[in-house]
Structure formats: structure tokens, C-alpha cells
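Peer 1: Chain residues, written in single-letter form:
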Amino acid sequence: MTEALPPIENRAATLIERWLDETATGEEITEMESVLLESAAARREFWRRAVFHGELCETARMAFAVLPGGQPPVPQKIARFSSGPLPRTWHSLLASGLVIAGVSALLGSLAASLALAKPEPSAASRVAWRLLDFTGFESADDPEANYIPSQTGQWGGDETTVIQGSGQQGITPKSGASMLQFLSGHPSGENYQANAAEIWRFIDLTPLRKEAGGESLTVEYSAWFNSVRPVKRNWPSCGLSIVATCVPPTEWTNQLWEKTSPFDHSRTNSWQRPLATAAGKQRLDDDLRSWQPVTTMLAVPDEATYLLLHCYVADYSDAASTAAFPGQYVDDIEVRVTTGNRYGIGRTPDLP
Amino acid sequence: MTADAASAVQQLFVRHQAKVRSLALALTSDFSIAEDIVQETFLTASAKANDFRPDTNFVAWVLTIARLKILERRRSDRRLSRQVIESLAASMAPADFDDDRLGPLHQCIDELPTKSRELIRLRYFSQHGPGEIAALLGRSAVGVNAALVKIRAALRECVHKKMTEQG
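Line by line, the protein sequences are chains A and U.
The first sequence stops at residue 352 when you use the working numbering, and every number in between is there.
The second sequence stops at residue 1167 when you use the working numbering, and every number in between is there.
The hints are simulated quantities; they were obtained by calculation from the structure and are not laboratory data.
Among the hints, erroneous ones may be present.
[Claimed, not checked] Chain A is faced by these chain U residues, among others (derived, beta-carbon under 7 Å): (1) S1022; (2) H1106; (3) R1121; (4) K1161.
[Stated by the list, open to error] Pair ranges (Cβ atoms, derived): (5) D1098(U) x S290(A): 22 to 30 Å; (6) A40(A) x S1032(U): 26 to 34 Å; (7) Q1083(U) x G153(A): 36 to 44 Å.
[Claimed, not checked] Covered by chain A, according to a simulated footprint, are these stretches of chain U (three or more residues, beta-carbon under 8 Å): (8) 1058-1070; (9) 1099-1105; (10) 1109-1119.
The C-beta atom is built at its ideal place from N, Cα and C for all residues, glycine as well.
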């Protein structure tokens, strides 16, 4: 049930979801029909999703029917940053939050040391390219709020917006006049203890490899995060990860988006399994004035043709939801690619 | 049509009406039309009760009636072609509709975060479209669409885990 889908069925899954939510355009319906006629696997996927859609309809009648007075409540506009009741498993959230705090403290110190360290490049390497502008979102439109981007060179993912001007909720941009705010997320983590808001971006390595003339590549990926003061017992965190892959953007399954552990190799089919990954993570503090850095680095395997960048925030409070994320921001995302194995990452000892 | 045959078919229909509703919703993607299809299928099944042989598969029989009802009343603005409906019907199996999933699904819905549960309630209980939900919540329709996709995927995963644990 959790297998990744080949490309044609992956596109079909997107179209089927739009069909079930009555948002498919006429052209998309025509495209879906064509795919369904071509592919038996797509037809199976149609039934898997459509039957579940029906089961949700059936179950909702029971799940939401018992209410005071026997009437459903009138839907009300939900205030963006209202806090809700504590989740039922608040004691397990607290326990898991303490674990994350401990791990994050370690990661935080590591991330800080990486941000501050400035090792000298070896004579055999050079700084090749700064791929993403250090100023961050100064002239960019809001990233597309939808699925994983299907082409390189653009952010896509959960709903976000560029905040310009003097800032928001007491937080001002790290640099320049703009920063990116995460607006919506989705359930993630074991037993839905957290909500995560994610954005993704593909980078095509082919032109870089031509410029590099056959030398190996090292990627440094960093960003700065900030957060509003967290709700008690809430431990928001932030993180980055890089995936090196030879699978082009159009063939990445939407299940990457849907998975709670997207790079868990036990759940990813071999044809789509990343060639290499690197990640960094940090717990967000409650100081509105301080932006916190996260950095990660990856020695890119020679056979990789794309990089997939992942940037996320995760929140354990009930106020964080798909309708409203309480207030996490990212700024100054930077990607630098250097030739040569600059820091000796993954270097194996010379054999005798 | 005998009274006994009609009564027997109607009892079977009540037991399996969720499957008929699922099929209708799948092939029309419209809650109100799906309900009409369920009602029309019930009436036709009752009228043709004598045609049903008790030693055969009732679900397959009643879903065939439902499929024909869907073909009869395709709307011009949103429809699947006859060819696609027939192709989908040929690849459908009555075993696809598993009532055993409903209990775990109910539990999984209860375990959702409050705001995610609210989205499911607005979509599947109140039967609002994503655009209406977006207007009610002051969010973008695109964001609501994406959220529903992700919540459904998380619920499928949750149901799969619970079914696996139950054995």
C-alpha cells in the first residue's frame, strides 16, 4: 500500500485527487481519462483512492454525527493563531518533546559550529557557484503552494508567503527587506504528534558538472529560522536536508510529500531511492530577535544528476495545523557548490 | 416481484449501501449526485429483486445496477466517458470495498489534530467543496486542496497500520 508509484501513475494519483475533490479542470479530466485507459496500475490506484474517499464519507457520518442537540455546529472562521485544547496525548508529547530537546541541543550546537567554522579550502578545490541568493526572497514571488515542484529552479510545497517590510509578530527579516513565512502544514510524525510545513526545490547538476570538468562536487546548504514564542509544551523545530538523486523532478512521486519518513529506505522503492542524503535540524528557541542557523553538507555522488533541497519547520502544538501555522519563518537560504571534496566528507582512509 | 424477494434485496442493500455510495462518489465526484444514484439504485434493485439469485454475488449485482445509473445520468459539464467508466468497472473488484476498514478509519479520524479533523468534517460530513472550505476558514483553495490530499494519505497510512496490528 505504501509503494512508490512509477511516473505515469504518480501523475494519475494527482489527477485522481483533484477529481475526487471536484477541482479538476476539463483538461485535467481528459488527461486523467487518457492515463486510466492506458494503465492498469493507474486504474487500480483510482479504486484505491476512490474507495477510500467513499469510506471517509461513510465514516464521517458516524464520526461527526453525535453532537450537542444532535445538530452539526455551524462552521466558523477559525482565528489564524488561536490555540486549541491540549491534545489527548499531551503527556506523551511532553516526553517526546524532552527527547527532541535533548537531541536538538546537540544538533543545535553542531549546526552553530558548522555555521561559524571557516575551514580553509584545499589547494585542489575552489568555490564554484553560489546557487541561491544569500539575501533570500527579496524579489521572489510566493512559492507555489501545491505538490512537489515538477521542474528545477522553483520552490514548491506547503503554503508559504513572502513577508516584506518591517516584519511580523515581532520578527524582522534576517537580512534585506523580506523573509518567508510558513502558513500551513500537514500531520506528520508517529501518531500525528506533529505538524510539519515543508518546501522543496530541485537543482539540475548537469550544467554544474560540465563547468566542473569532471571534478567531484560538495554542496553546502544553509538557512536561518525564527519562530514566535512557542505554546507551552510545544517544541517547534526546523531543519534542512539535501537529497542527491538521478531521478528527474517529473518522476518524483507525490508520496514523498505524503510520507512521514520520506527518506526511509525501507519504504522507498529502489528506483527512486536517494543516492545520498544529508540533514541538519535544530529546536527553535523563544527569542524573537535571534535567527538560528541550520547547515548541512553533502559530498555529491558522481552519478547524481539532481539535488533535491528540503526545508521544513515542525510544530507539536495543537495551534499548528493545516489551517494555520502559528508563526515560523525562514530567511537567507543559501546553497554553495564547490568542486573537490572540500572538507573530506565521507573520505575513506587510504588502503595500505 | 415477490414481497419476500424485495425484502431480502432491500436488507442486503442496506448492509452494502456504503459500497454503492463509494462507487457513485468515485465515478461522479459529486456528493449530491452520488446520493441520488444510491437512491435510484435502491429503487431499481427493489424492482428487480426477482432477478437476483441468492446464490450469486449481491455486491457485484448491485454495483452493476449503480454503474448503469451513473452512465444514464452523466452531466455534460463533468463526466467520465463511457469508455473510461466501463474500463474502470472492469478493473474493479467487490473485494475492494472492505467494511472492516471503517472501524480503524473512525479511530484514525479521532486521532487527527483538531484542525485537520475539522477539515475532514467540513469536507466529508458537511460536504463542502475545497473552495467553500477555503472561504469558511479564510484560507486559499490551493492550500485546502493540498491539505486534504495529505490528510487522506496520512489516514490511509494510519488505517493500514491499525489493520496490520489487528492481524
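Peer 1: If a hint holds in the structure, say so; if it does not, say that too.
Peer 2: Structure-based check of each hint:
A least Cβ separation of about 3 Å between S1022(U) and chain A falls short of the 7 Å threshold, and the interface hint therefore holds. The interface hint given for H1106(U) holds, since its Cβ lies 5 Å from the closest Cβ of chain A, which is under the 7 Å cut-off. With a cut of 7 Å, the hint placing R1121(U) at the interface with chain A holds, because the nearest CB-to-CB distance is about 5 Å. The interface hint given for K1161(U) is broken, as the beta carbon of that residue sits about 9 Å from the closest beta carbon of chain A, more than 7 Å.
At roughly 52 Å, the beta carbons of D1098(U) and S290(A) sit outside the given window of 22 to 30 Å. Roughly 31 Å separates the CB atoms of A40(A) and S1032(U), a value that falls within the hinted 26 to 34 Å. The hinted window of 36 to 44 Å between Q1083(U) and G153(A) holds, with their beta carbons roughly 39 Å apart. Chain A is given as covering the segment 1058-1070 of chain U, and this is violated because 0 residues of the stretch bring a CB closer than 8 Å to a CB of that chain, at least three being needed.
Taking a C-beta to C-beta cut-off of 8 Å, the segment 1099-1105 of chain U contributes 3 residues in contact with chain A, enough for the three needed, and the coverage statement holds. Coverage of the segment 1109-1119 of chain U by chain A holds in this model, with 10 residues showing a Cβ closer than 8 Å to a Cβ of that chain against a need of three.
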